[in-house]
Amino acid sequence: MHVMAYGPAEFVEQELPSADAIGPFLDKWPVLWLNVDGLGDVEAIRKFGEMFGIHPLALEDVINVHQRPKVEPYDKYLFIVMQMLLAGEMLDTEQLSLFLGGNFVLTFQEQPGGDCFAQIRDRIRKNHGRIRAAGPDYLTYSLLDAVVDNYFPVLERYGERLEDVEQEVVTKPRRETLARIHDIKRDLLTLRRAVWPMREALNSLLREDNPFIIRDTRTYLRDCYDHSVRIIDILEMDRETAFGLLETYLSSVSNRMNEVIKVLTIITTIFMPLTFIAGIYGMNFNHMPELNWPWGYPLVMGSMAVIAAGMLHYFHRKGWLG
Amino acid sequence: MHVMAYGPAEFVEQELPSADAIGPFLDKWPVLWLNVDGLGDVEAIRKFGEMFGIHPLALEDVINVHQRPKVEPYDKYLFIVMQMLLAGEMLDTEQLSLFLGGNFVLTFQEQPGGDCFAQIRDRIRKNHGRIRAAGPDYLTYSLLDAVVDNYFPVLERYGERLEDVEQEVVTKPRRETLARIHDIKRDLLTLRRAVWPMREALNSLLREDNPFIIRDTRTYLRDCYDHSVRIIDILEMDRETAFGLLETYLSSVSNRMNEVIKVLTIITTIFMPLTFIAGIYGMNFNHMPELNWPWGYPLVMGSMAVIAAGMLHYFHRKGWLG
Amino acid sequence: MHVMAYGPAEFVEQELPSADAIGPFLDKWPVLWLNVDGLGDVEAIRKFGEMFGIHPLALEDVINVHQRPKVEPYDKYLFIVMQMLLAGEMLDTEQLSLFLGGNFVLTFQEQPGGDCFAQIRDRIRKNHGRIRAAGPDYLTYSLLDAVVDNYFPVLERYGERLEDVEQEVVTKPRRETLARIHDIKRDLLTLRRAVWPMREALNSLLREDNPFIIRDTRTYLRDCYDHSVRIIDILEMDRETAFGLLETYLSSVSNRMNEVIKVLTIITTIFMPLTFIAGIYGMNFNHMPELNWPWGYPLVMGSMAVIAAGMLHYFHRKGWLG
Amino acid sequence: MHVMAYGPAEFVEQELPSADAIGPFLDKWPVLWLNVDGLGDVEAIRKFGEMFGIHPLALEDVINVHQRPKVEPYDKYLFIVMQMLLAGEMLDTEQLSLFLGGNFVLTFQEQPGGDCFAQIRDRIRKNHGRIRAAGPDYLTYSLLDAVVDNYFPVLERYGERLEDVEQEVVTKPRRETLARIHDIKRDLLTLRRAVWPMREALNSLLREDNPFIIRDTRTYLRDCYDHSVRIIDILEMDRETAFGLLETYLSSVSNRMNEVIKVLTIITTIFMPLTFIAGIYGMNFNHMPELNWPWGYPLVMGSMAVIAAGMLHYFHRKGWLG
Amino acid sequence: MHVMAYGPAEFVEQELPSADAIGPFLDKWPVLWLNVDGLGDVEAIRKFGEMFGIHPLALEDVINVHQRPKVEPYDKYLFIVMQMLLAGEMLDTEQLSLFLGGNFVLTFQEQPGGDCFAQIRDRIRKNHGRIRAAGPDYLTYSLLDAVVDNYFPVLERYGERLEDVEQEVVTKPRRETLARIHDIKRDLLTLRRAVWPMREALNSLLREDNPFIIRDTRTYLRDCYDHSVRIIDILEMDRETAFGLLETYLSSVSNRMNEVIKVLTIITTIFMPLTFIAGIYGMNFNHMPELNWPWGYPLVMGSMAVIAAGMLHYFHRKGWLG
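Chains as they are written, first to last, in my numbering: chain A, 92 to 413; chain B, 92 to 413; chain C, 92 to 413; chain D, 92 to 413; chain E, 92 to 413.
Hints in this document: simulated from the structure, not taken from any laboratory. Take these hints with a grain of salt, some might be off.
Intra- or inter-copy, both count: the list cannot distinguish identical chains.
Unchecked claim - Okay, derived cross-link-like pairs now, DMTMM-like style, lysine to aspartate or glutamate, Cα gap no bigger than 20 Å in a straight line:
#  : residue 1 : residue 2
1  : K217      : E381
2  : K167      : E331
3  : K263      : E185
4  : K217      : E106
5  : K167      : E151
6  : K263      : E350
7  : K276      : E180
8  : K276      : D324
9  : K161      : D300
10 : K161      : E101
11 : K276      : E101
12 : K409      : E267
13 : K409      : E259
14 : K167      : D314
15 : K217      : E185
16 : K138      : D111
17 : K161      : E180
18 : K161      : D183
19 : K217      : E180
20 : K217      : E257
21 : K217      : D274
22 : K119      : E101
23 : K167      : D324
From just these sequences and the hints, can you work out the full model?
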């Protein structure tokens, strides 16, 4: 539990030992930002809910994570839910629940530990930019913007992964390649399901004439909304690429089968007639004049060579030999 | 036929011996909940319909089950149809028809036996939460919420089933695997067809300014609506997974064919030339000098071994041997 | 040409010998229902059009069948077009054109012979239900309801047909199976093209505040609309099933090819090495010591048996033998 | 350049030698129809544009053909663009640009030569129907209706072509069949791209309350709009059929491969074991007692026949023999 | 940095040495067009932003390229983003950021070097057309029109590329063909993602009643909007073609496999029985009367020829021989 309270001139930052310690800050500052990192202490969350007048259902949504990104207007505050991406090998999301009131911003993060707000805290501390001069809506915008922009590096990672798989599909497609493509496709779908409602939510912030966001901040939010649209564009592009890789993989499996069958056919087509000829002169008829010719054996061997060369020439002309 | 009548202070519960026994309860209680379990006694249903002033068409929809989830506003009541999921191996749904009036809630369940309302009855009996203090709209919300939340465990079961099938597809795909995938796909589609209109219906409860649902309850219903949207999300995700499994299955069939054909080609390619050589020295020409060489036989056997080794080396380099 | 004229108390029914014979009925009865069965007598249709004040374009739509289901409001009447299903093996539709005026209902059926209105005529004759007491809008509802409900048995037939084909696909897929699946798919598409605009048309009857349909009847039409939505649901489900059958068919063709190739591979893999060994000892070298061993022949035969058994064991372990 | 000027009573028709010759007709007649056939004489088109007060951009759209069908309202006229179908083997369209003013209709056709308006000219000349009595909006409707109805014979031709290809796919699918299916699919897509905006344009004529089309004519245009919807329906149906043909073609290619592989497998499976047996008795061991049996040869031949018969029986039971 | 300032009568053109040099032009001319080519000098861009009163967020969008095409209304100007196509082998886009104010047009191009505005500059210089007489909105239209029309030659290039690939697929499909098709598909998708929002943006310029675009110019923009719709049409058509090529490619791979397997089957089917017969007469039984017949050898050779001819006849009748 971390509190930052600030106005254009003053600024206080404090770790809260308990929920009650928030008392002295209430309604004393132009902007009060209370950030709760991790949802372990349900009792404290309930207490905050009471103190800030949060509806029990909204609190439930804070605690039962896996909500879809959304914006819900209440009388005294806006309730915003977003999914933050966590750094790491696996795709992992964390729910951010944000309450924007007249003079406070409450944020609840699903898991304790690293978030993407360090820069914002710095800007508040050092009074960089317009954040200290602006209201809680601008802080909300900054937080949402950080959440949205955090999607881009993840998308880049997936772009690189797709290029890796593409390389693999073209050079030596293996059975695991298919699984990798499907994994990427599923992750992209998960991302898409997180981003679409996020875009919707940001759009509803733009549209609605709610009293918590002033016109000036809305211009900034429009920028944030644009980013979410771009994320969706990249996602769709990536999904299309993944789909194309799948097709290429399947077609390359088909191509390799073709190649194998060609080898089979070439070998069979060359050796079957030769073996047949050898078989003929292996017959035990008493009256086979060729067997007694002095040049019989070399003649047969010669015609076999001619037949084999003819076959090879035929396959070469058909383009089957490589 | 089960009656629960309650207000903030009082509470009565009774099994009805006949439809007429409802008489004394009418218009005497803040909230009257009549639950009819099973649609066998059509006569009683008609009587209830008359007593509560239900339109004959709505009653018909109660009796002719397999209606789509919907909300129909009438002058004196709301008519709500939902599909409840039944526990069990197979996917099975049961129609819940609900009438919400000014001071009553009528529910008709398709089949007698277990429903998912036990907890709600308990809360009424023990006066837990705000249910006794609230009106029939809050009871309606509680019932709908129970119906919606009952979808989640079923979805979880399908999630597990999909994981099972995925295991099967990867390790040893069989012919029945395809049927299982299609079964799951069809069930998910059935669920989807139940949930989409349910979402629509819940949304219409939110939007419309009907006199039966007060503003406070609408906040709760919004939560219920959110759940229905999450169910749809999970369903779509599962369908995507099922689709991916189908593709993996088909590609694994293709892969196995590839493998079989490789074995065929390797065997043919190795033994055809060898058999041909053996055939040559099985010919009965009188003038075949090699046949008289003392080292002819070992030489031929040696070259055969060399050829076989060469072929194996070639296949090994091509990656066909494993 | 059949006339039914009725009010709450009176009722007259008559076959018209000619178009002019309708004269005495005009504007004399609360509800006048004129049904023209078959569009052969274009002259009579034109006469009716004049007498009831129908726009020439609407009359043209009556005669040029294959119109999409639609509702067109005119000043003095509503023009409704529906597609009725005909009983029979093949999917066949017949256009029903209906004009709903202030005190009359005109219906034109494409083909003479059986329709699905027998029950409605009976209800008028015997004064069952509320039909005699209600106006022409209720009669219109009854007719539309009969048309819509007539789709359900046809859908059931297609459901059964799909089950038949499913059986066929699983047990012994043949070439005709594919054609049958495509036939069903096309029929379902045709049905869909008939039902979607029908749903639209019914919806427009619900929405629009036209003077020809009173509020009470609209409640009934909502029921009829619900049925049309259910028909669409069933159709979509059936199409999905047909699509799944197609996939299963294609995959089963693939599976059978796999099986055939396995047989080929097993036979080749067992007999090629054996034939090669036999070929070796068929060579005519003078110096082949094995040929003179007394146990040479049994030894070779024994090792051949061992090789064959080894191959079979290998295929068994790979699961190729059944 | 062809002028028809008419009112209920009078009628004049003239070929214009030059653009200026239109002068005497201007604002003298209830309806003036100037038809320019072919866009070669750009100068004349510009002059007409000036005389009728056409916006330069609209004139540019007249000259730069390949516009999408559209309706653009200007202050003094409506600008309508349609795509007319040309008769002929190949699918070919021609742009019709139409200006509807208070007392004139201007039409520009892309190519000189046959159009589908002969019947309309006849009706004007012979004063058939209501065309002479009506205003320029009715003439516009007649022209649009002629354009729309001209799509039906083309669609019929494609329907027949699809049937031809279907026959071909079922009886003897060849490589060109695939190309033919794709050609038809592409043509249908081209048609679809022409008809969809046409439908939109006609719909906008219906909806908008423009002063150029009186209410009565709008009823006629609704009919024309219905036709465009039907064209779209037929197109969708045809595309679905083409798609089904593609699937049938691919599956029949697969089936034929299956057949070829079956022949291969049957031959191999029968002759490999027999050849092996022959190989055994071709071995040159000194101690092979069977070789000296008098019945050795017939016995071996008999067992070979038994083996072959057994194999055939097996394949017959498996249904591989036809 | 290039400045063109003009009115109906006067005209000045100048390369700016530094950002400050714009000062004398401000608010002195009916239309001031400042074009910044390349985004290297961020400081200058910021200065321009200040001087023209541009919002910092809009400036950020100018610098951070890869924005989606969009139109954003601000109080004192419109902010328009487009993607220009660059000439060259590869598909490459460059962001054009345009600010339209009451008496100025600011354009920022991503990369220095060639743009598609040469003709517009010429028209200004030589006072061709209405550009000098019109306001900055007409200049904006001219610029957007140039950007949009620049898509057509690129689309034509893709059309030609598709025809090339089609030729390749039909005559000699290679492995790279698949990659080429996918490359084209991806490029078309990229184009589509650039054009769709462009269409949206142009449409919003048409719709909104903003004070920066007068009614007359809107007519011109409608034309520009039409072009963007046509581009989308062509793109969709091309994507459909690319999709069809993919299918044709896959089916041709399948066809070639068929051909290979046919060769294999024909060879096997002809030579297996012959080899078997030769094997029979290679057996060493003592009692094989045929071996001693004088005509034994020719008889066997004759029957072999008959069998081979029969097989060939069978394959010929089946149409396998070419």
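Hints not upheld, ascending by number:
1, 2, 3, 10, 11, 15, 17, 19, 20, 21, 23
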